[in-house]
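A.B. asks: Each chain is listed here by its residues.
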Amino acid sequence: MRTRLPAAIALLPTALIVLVVYIGCMLWTVRLSFTSSTLLPKLDWFGVTQYTRLFANDRFVTSAENIFIFGVLFISGCLIIGFLLAVFIDQNVRGEGIFRTIFLYPFSMSFVVTGVAWQWFLNPGLGLQKLVRDMGFETFTFDWIVNQRMAIYTIVIAGLWHGSGLTMAILLAGLRGVDKDLWKAAKIDGIPTWRVYTSVVLPLLRPMVVTAVVLLATGVVKLYDLVVAMTLGGPGIATEVPAKFVMDHLFERNNIGLGTAAATIMLITVVIVLAPWVYVRYVRPQGSHA
Amino acid sequence: MSAAEPQGRRPRRLTIGRIGVYAFLATSALFFLLPLWIMIVTSLKPMEEIRLGNILALPAAMTFDAWIKAWSSACTGLECNGISVGFWNSVRILIPSVILSIIAGAVNGYALSFWRVKGANVMFGILLLGAFIPYQVFLYPLVRIFSMTGVYNSLLCIVLVHVIFGLPTMTLLFRNYYAGLPLELFKAARIDGGGFWSIFFRVILPMSTPIIVVAAILQVTGIWNDFIFGLTFAGRQNLPMTVQLNNIVNSTQGERAYNVDMAATMLAALVPLVVYFVSGRWFVRGIAAGAVKG
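Heads up: the sequence lines are chains A and B, in that order.
According to the UniProt record's numbering, the residues represented by the first sequence are 1 to 290, in order.
According to the UniProt record's numbering, the residues represented by the second sequence are 1 to 294, in order.
To be clear, the hints were calculated from the coordinates, so they are not data collected in a lab.
Computed from a prediction, not measured in an experiment: that's the story for all the values here.
Among these hints, one or two may not hold up.
[Claimed, not checked] Derived coverage of chain B by chain A (criterion: at least 3 residues anywhere in the stretch with Cβ under 8 Å from a Cβ of chain A; other residues may be distant):
1) 53-64
2) 68-77
3) 89-102
4) 146-154
5) 184-197
[To be verified] Here are the computed lysine to aspartate or glutamate pairs in the DMTMM-like style, where the Cα-Cα straight-line distance is at most 20 Å:
6) A:42 x A:252
7) A:222 x A:90
8) A:187 x A:252
9) A:130 x B:79
10) B:69 x B:79
11) A:180 x A:252
12) A:130 x B:48
13) B:69 x B:255
14) A:222 x B:255
Just so it is clear, CB atoms sit at the ideal spot from N, CA and C, and this is done for glycine as well.
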């Protein structure tokens, strides 16, 4: 036991951080969400008032709807585009390395950079809309970024540009792991290539798909910088997201009670989404595994 | 879009399918390159050309003025010293954060995989779960703790935050790597009388170069691209480049200088792009390794 003491001491700082930051701060936030704190934190008991206020708040309801739209479209879009790119790159093409590099480079850049770049390209006065109009299509309209109903989809487009390459890289690694004999067998049987991909290869790639989804999903929860750089949550409140709602209420609008309540809702949502994954990955395999 | 291309081994002849494959890849490549192209050409144009011109066109009167202005005199809020201030802030934040989080990850990973410390796995489990929880859940109390201890809004504060939130990935990365090393190696070192630190420094660390490279790539790009922590914890004096870029772009009064905005954007993207191009496959490996955490 004595020999393990240095190891225990080495782990102590991390243990303290886990205790104070990961557990302590989380509980503190949850506690604050049940108080009437505004500019300064109070420790009174306010019941669920902040939560009823939260769900009556247009900005928060819009945020929740937006993150749902973004999450579904971003994850499914990245998977579809990423899979297509991976399959096409896997056809023994020349310049494979160049294509891979081009598809993945956006992922290395920050969301602020991504947001600013797309904001500029989608600017109706000078960007894409003007470009197409100058080509002679004078009624062409692409003003999504300043359109209340469509602005959230421009965030999705920028997100797809940023994240599809990552999915491609993960799935391509998976494709390269597929047994060569499988392809020979399929060829002998005369099965069309696309059928092999959809019916045989895709199911084999499931672990890679899960990895990609987990990675993309954490990106969805974090969605903040991209919105700030691209639309600042506007026009109006059209592109507000939960992370931004929390940040604004904690640090600018001095409404700590409401901000922490929104943070707690984010926490609960993540736990609910995470539960099935933890179950599938860590709980179920102990039983019979198909 | 039917994908009935010939697969595999004999791609010599040019068939309709092959042309389709290349057409798809080339079109996709254009889509991915488009924003970068637009950023570059815009940053090299004078404003008159931007107002009138085609967003895709090459600059007619190429000038580096916007780059010089972005670097040294663009206004980020009240001050007008350019994005170079943010660049050097990011460097000052980056170096200690990366070094400290790699050390923390290596020591943790080593202690977790070779030394059976009571409760260590529970701690590790909580740490990993914590990695999935949105930062917004921790931020406010953390700000309070840092204000109470007097380190809030300082270089130390932002470095600590990066180390704290880098812990799950770094620990996991090193733990998994060390789990792949032969245990006999460790046992032999124990028999030779090696203690915790001597085994770490003499046996384990010398074998860790590949994973340190992966960890460094992951942390350098992650910390350089951070926005939310820099905004919340760094303080006005230490704002990283991402925050300054956002200030340049979003706080302009009157007509926006798009060429300066784009030059500043390119400058802010330069470091991660260089890391990406230089490290190539290691970059993907780092991301995939970090994927388990997310």
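A.B. asks: Decide, hint by hint, whether the structure agrees.
C.D. replies: For each hint, the structure was consulted:
| no. | hint | verdict |
| --- | --- | --- |
| 1 | 53-64 | holds (count 3) |
| 2 | 68-77 | violated (count 0) |
| 3 | 89-102 | violated (count 0) |
| 4 | 146-154 | violated (count 0) |
| 5 | 184-197 | holds (count 3) |
| 6 | A:42 x A:252 | holds (18 Å) |
| 7 | A:222 x A:90 | violated (32 Å) |
| 8 | A:187 x A:252 | violated (63 Å) |
| 9 | A:130 x B:79 | violated (33 Å) |
| 10 | B:69 x B:79 | holds (13 Å) |
| 11 | A:180 x A:252 | violated (58 Å) |
| 12 | A:130 x B:48 | holds (15 Å) |
| 13 | B:69 x B:255 | holds (16 Å) |
| 14 | A:222 x B:255 | violated (31 Å) |
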